[in-house]
Amino acid sequence: MATLTMREALNEAIGEEMRRDPTVFLIGEEVGHYQGPYKVTQGLIQEFGEWRVRDTPIAEEAIAGVAVGAAFVGMRPIAEMMTFNFSLLALDQIVNHAAKYRYMSGGQVRCPMVLRGPSGAAAQVAAQHSQAFESWFAHVPGLVVAMPSTPADAKGLLKSAIRDDNPVIFMENEVLYNLKGEVPEGDYTIPLGLGDVKRVGKDVTLVAWSRSVQRALEAADLLAANGIEAEVVDPRTLRPLDDELIFDSVRKTNRCVVIEEGWRYAGFGAEIADRVQRSCFDDLDAPILRVTAADVPMPYSKKLEKVFLPQPKQIVDAVHQVLYR
Amino acid sequence: MDRDEALALYRTMLLIRRFEERCAQLYVEGKIGGFLHLYIGQEAVAVGALSLLRPDDYFLTSYRDHGYALARGTDPRLLMAELCGKIGGISRGKGGSMHFYDVPLGNFGGDGIVGGHLPIAAGMGYSIRLRETDQVVLCFFGDGAVNEGAFHEALNVSALWGLPVVFVIENNRYGMGTSIDRASSVKDLYQRGSAYGMPRTDVDGMDLLAVRHALGEAIERARTEKRPTLLEAETYRYRGHSMSDPGKYRTREEVEEMMNQDPVLRFAKHVQQSHSVPETELAAMDKDAIARVDDAVRFAEESPWPNPETLFEDVYVRSPYITAGAADKEPAWRGSVAEDRVPEELPAWSSARVES
Numbered sequence: 001m002a003t004l005t006m007r008e009a010l011n012e013a014i015g016e017e018m019r020r021d022p023t024v025f026l027i028g029e030e031v032g033h034y035q036g037p038y039k040v041t042q043g044l045i046q047e048f049g050e051w052r053v054r055d056t057p058i059a060e061e062a063i064a065g066v067a068v069g070a071a072f073v074g075m076r077p078i079a080e081m082m083t084f085n086f087s088l089l090a091l092d093q094i095v096n097h098a099a100k101y102r103y104m105s106g107g108q109v110r111c112p113m114v115l116r117g118p119s120g121a122a123a124q125v126a127a128q129h130s131q132a133f134e135s136w137f138a139h140v141p142g143l144v145v146a147m148p149s150t151p152a153d154a155k156g157l158l159k160s161a162i163r164d165d166n167p168v169i170f171m172e173n174e175v176l177y178n179l180k181g182e183v184p185e186g187d188y189t190i191p192l193g194l195g196d197v198k199r200v201g202k203d204v205t206l207v208a209w210s211r212s213v214q215r216a217l218e219a220a221d222l223l224a225a226n227g228i229e230a231e232v233v234d235p236r237t238l239r240p241l242d243d244e245l246i247f248d249s250v251r252k253t254n255r256c257v258v259i260e261e262g263w264r265y266a267g268f269g270a271e272i273a274d275r276v277q278r279s280c281f282d283d284l285d286a287p288i289l290r291v292t293a294a295d296v297p298m299p300y301s302k303k304l305e306k307v308f309l310p311q312p313k314q315i316v317d318a319v320h321q322v323l324y325r
Numbered sequence: 326m327d328r329d330e331a332l333a334l335y336r337t338m339l340l341i342r343r344f345e346e347r348c349a350q351l352y353v354e355g356k357i358g359g360f361l362h363l364y365i366g367q368e369a370v371a372v373g374a375l376s377l378l379r380p381d382d383y384f385l386t387s388y389r390d391h392g393y394a395l396a397r398g399t400d401p402r403l404l405m406a407e408l409c410g411k412i413g414g415i416s417r418g419k420g421g422s423m424h425f426y427d428v429p430l431g432n433f434g435g436d437g438i439v440g441g442h443l444p445i446a447a448g449m450g451y452s453i454r455l456r457e458t459d460q461v462v463l464c465f466f467g468d469g470a471v472n473e474g475a476f477h478e479a480l481n482v483s484a485l486w487g488l489p490v491v492f493v494i495e496n497n498r499y500g501m502g503t504s505i506d507r508a509s510s511v512k513d514l515y516q517r518g519s520a521y522g523m524p525r526t527d528v529d530g531m532d533l534l535a536v537r538h539a540l541g542e543a544i545e546r547a548r549t550e551k552r553p554t555l556l557e558a559e560t561y562r563y564r565g566h567s568m569s570d571p572g573k574y575r576t577r578e579e580v581e582e583m584m585n586q587d588p589v590l591r592f593a594k595h596v597q598q599s600h601s602v603p604e605t606e607l608a609a610m611d612k613d614a615i616a617r618v619d620d621a622v623r624f625a626e627e628s629p630w631p632n633p634e635t636l637f638e639d640v641y642v643r644s645p646y647i648t649a650g651a652a653d654k655e656p657a658w659r660g661s662v663a664e665d666r667v668p669e670e671l672p673a674w675s676s677a678r679v680e681s
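Protein sequences appear in the order of chains A and B. Sequential numbering from 1 applies to the first sequence in the numbering used here. Sequential numbering from 326 applies to the second sequence in the numbering used here.
Keep in mind the hints are simulated off the structure, nothing from the lab. Hints may be right or wrong, so weigh each one.
[What the hints assert, rightly or not] DEER-style ranges, computed between Cβ atoms:
hint, chain 1, residue 1, chain 2, residue 2, range
1, A, 297, B, 656, 53 to 61 Å
2, B, 429, A, 51, 22 to 30 Å
3, B, 599, A, 91, 44 to 52 Å
4, A, 20, B, 637, 29 to 37 Å
5, A, 22, B, 513, 38 to 46 Å
6, B, 663, A, 296, 40 to 48 Å
7, B, 458, A, 279, 32 to 40 Å
8, B, 330, A, 51, 55 to 63 Å
9, B, 633, A, 297, 39 to 47 Å
10, B, 605, A, 57, 57 to 65 Å
Think of the CB as a built atom: it goes at the ideal place given N, C-alpha and C, for glycine as much as any other residue.
Let's have the full structure, built from the sequences with the hints guiding it.
Below, the structure is given as structure tokens:
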């Protein structure tokens with residue numbers, strides 16, 4: 001095992017897949033000569049040249065659309081959104097084209113592409129640059145949505161996403177790019193749709209993905225100091241969802257708190273709560289609670305930003321609530 | 326163009342005209358639903374342009390898409406069954422009028438979002454550059470699409486990167502009920518190519534020979550020089566935007582004036598004069614076209630409705646990189662298969678047999 005940052009793990013995944021398969025190419029703003037806006041694609045243009053590492057104008061619909069068109073005729077494009085905030089400008093390509101051409105053509109077309117980039121809040125970049133849109137994409141049949149929380153998961157999931165024959169929305173997190181972790185050597189993949197227990201516990205199930213896994217683990221540490229053993233379940237992929245892993249945990253702990261960085265209103269956590277209450281109704285000893293971002297646009301001030309985002313302390317409070325303590 | 330080729334093109338124009346007329350009828354009878362956009366009046370563009378494509382080239386179209394599929398040689402029976410929402414349809418009854426695909430013939434479909442397929446055409450062009458083949462992409466869209474942001478983004482990157490795509494504006498003068506004058510700051514739409522340093526031209530889209538001439542140059546430029554072209558074909562749709570549109574925004578005189586330049590009649594004159602085809606032969610060809618459409622309707626009516634289980638098919642591709650345990654629980658994955666479907670040969674239940 002090597003210790004890598006998530007940035008390095010993602011870079012390795014892209015480089016290895018491009019070496020393995022000549023149909024894989026990268027396209028996005030500043031992915032080439034600038035070495036990536038967040039340096040995820042560092043060094044790739046030097047190795048693969050400008051046709052396989054394509055710098056684009058600031059034109060998100062063209063980036064996504066070119067990827068879709070190339071995917072329809074046998075390529076495996078990786079389209080980078082500088083951040084997923086800008087993916088709203090490409091939404092028509094993703095929702096109306098990448099996700100639907102197979103269906104509308106009665107199965108004649110496939111769209112093996114990855115749309116990746118950082119999502120969620122960074123630090124004090126305010127309302128238009130701090131959004132968590134996973135609920136939007138997970139809502140759309142035809143898409144796969146993956147959100148890694150560790151360097152090892154990032155590498156294994158991205159390699160699966162590139163090799164998979166469906167359009168995969170691969171949402172990274174800027175704050176996690178420097179997160180270090182052990183990454184297996186050499187070639188490995190992690191299947192999409194397979195969750196992972198990030199911490200074993202018996203008293204309560206915390207479901208979290210991406211950066212919220214860190215918050216859940218911090219909360220679990222705080223809870224452990226008070227003798228409460230929280231289990232942290234990371235689905236890693238929101239569509240398809242490994243809900244059985246969540247159910248197994250809830251059947252053991254009888255209590256569930258879902259943590260997400262998106263807005264509460266119609267957020268993905270509600271989908272999880274719905275599935276858990278339907279499948280584990282008799283196992284639950286308390287209502288399922290959700291810890292989410294505040295239901296307002298993200299403010300700039302760091303004091304307000306902290307109030308906006310879900311904090312470990314709120315998770316601890318929610319756990320106390322479901323344990324009636 | 327020799328006599329046989331001219332007659333083949335004429336036959337295709339007739340087939341489109343008769344097919345579309347029949348669609349209007351079936352729509353009124355309630356056998357075709359949804360949005361139905363007819364291509365009547367614009368036949369010279371699709372037939373002229375697609376007659377120049379190689380089998381390995383690609384094309385994409387807007388939602389007014391019946392003519393291209395017929396011009397490319399897709400069996401009208403599969404198209405009519407699609408329009409009737411039957412399982413025997415080219416897209417298994419999932420696309421309808423706006424979404425005719427025939428991927429083995431390079432037809433990547435009718436797109437229902439105005440301008441939405443232009444960046445995709447650029448992507449297909451990009452793949453051609455990556456693979457270093459000499460294929461080309463034809464991308465057809467209406468005058469309404471030039472005001473979409475996708476038009477700008479697609480044309481810019483196509484010119485910037487040298488993509489072998491021919492962008493064909495079929496200017497039928499109206500985006501739904503809004504005339505060009507009320508929608509575009511520049512009236513000569515092909516001039517928009519100048520913003521991208523792109524070769525550009527306009528052509529009489531009611532004249533099949535003119536369309537072929539202009540498209541021929543553009544396709545050659547794409548194939549050999551890897552340069553895109555913006556081509557404006559000035560044409561006209563005789564019917565409303567869709568079946569629900571009575572077309573009150575244009576005068577009867579205007580419609581009649583354009584119908585006097587009818588592309589099918591004009592090309593008929595050409596084949597009569599240049600290839601001395603007698604009137605009786607043309608009339609026989611028209612009868613054949615009507616018979617093929619009748620046959621297509623019979624096929625569509627005989628085709629079974631889709632089984633409810635097919636609702637869950639064709640959403641995803643079955644893949645070893647997705648955990649079956651999680652996916653199989655989800656309805657959208659239930660019917661997924663690893664392969665792409667190929668439009669079917671005529672199935673056993675069909676008794677329709679007419680040689681074309």
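Against the structure, the hints:
1. 297(A) <-> 656(B): 53 to 61 Å: With Cβ atoms ~34 Å apart, the hint is violated.
2. 429(B) <-> 51(A): 22 to 30 Å: holds, 27 Å
3. 599(B) <-> 91(A): 44 to 52 Å: Between residue 599(B) and residue 91(A), where Cβ atoms are some 51 Å apart, the hint holds.
4. 20(A) <-> 637(B): 29 to 37 Å: Given a distance of about 33 Å, which is inside 29 to 37 Å, the answer is holds.
5. 22(A) <-> 513(B): 38 to 46 Å: For residue 22(A) and residue 513(B) the Cβ distance comes to about 43 Å; the hint holds.
6. 663(B) <-> 296(A): 40 to 48 Å: Taking Cβ atoms as reference, residue 663(B) and residue 296(A) lie about 45 Å apart, which means the hint holds.
7. 458(B) <-> 279(A): 32 to 40 Å: Between residue 458(B) and residue 279(A), where Cβ atoms are some 51 Å apart, the hint is violated.
8. 330(B) <-> 51(A): 55 to 63 Å: violated, 38 Å
9. 633(B) <-> 297(A): 39 to 47 Å: holds, 43 Å
10. 605(B) <-> 57(A): 57 to 65 Å: The hint (57 to 65 Å, Cβ to Cβ) holds, given that residue 605(B) and residue 57(A) are roughly 58 Å apart.
Consistency note: the structure conflicts with the earlier hints numbered 1, 7, 8.
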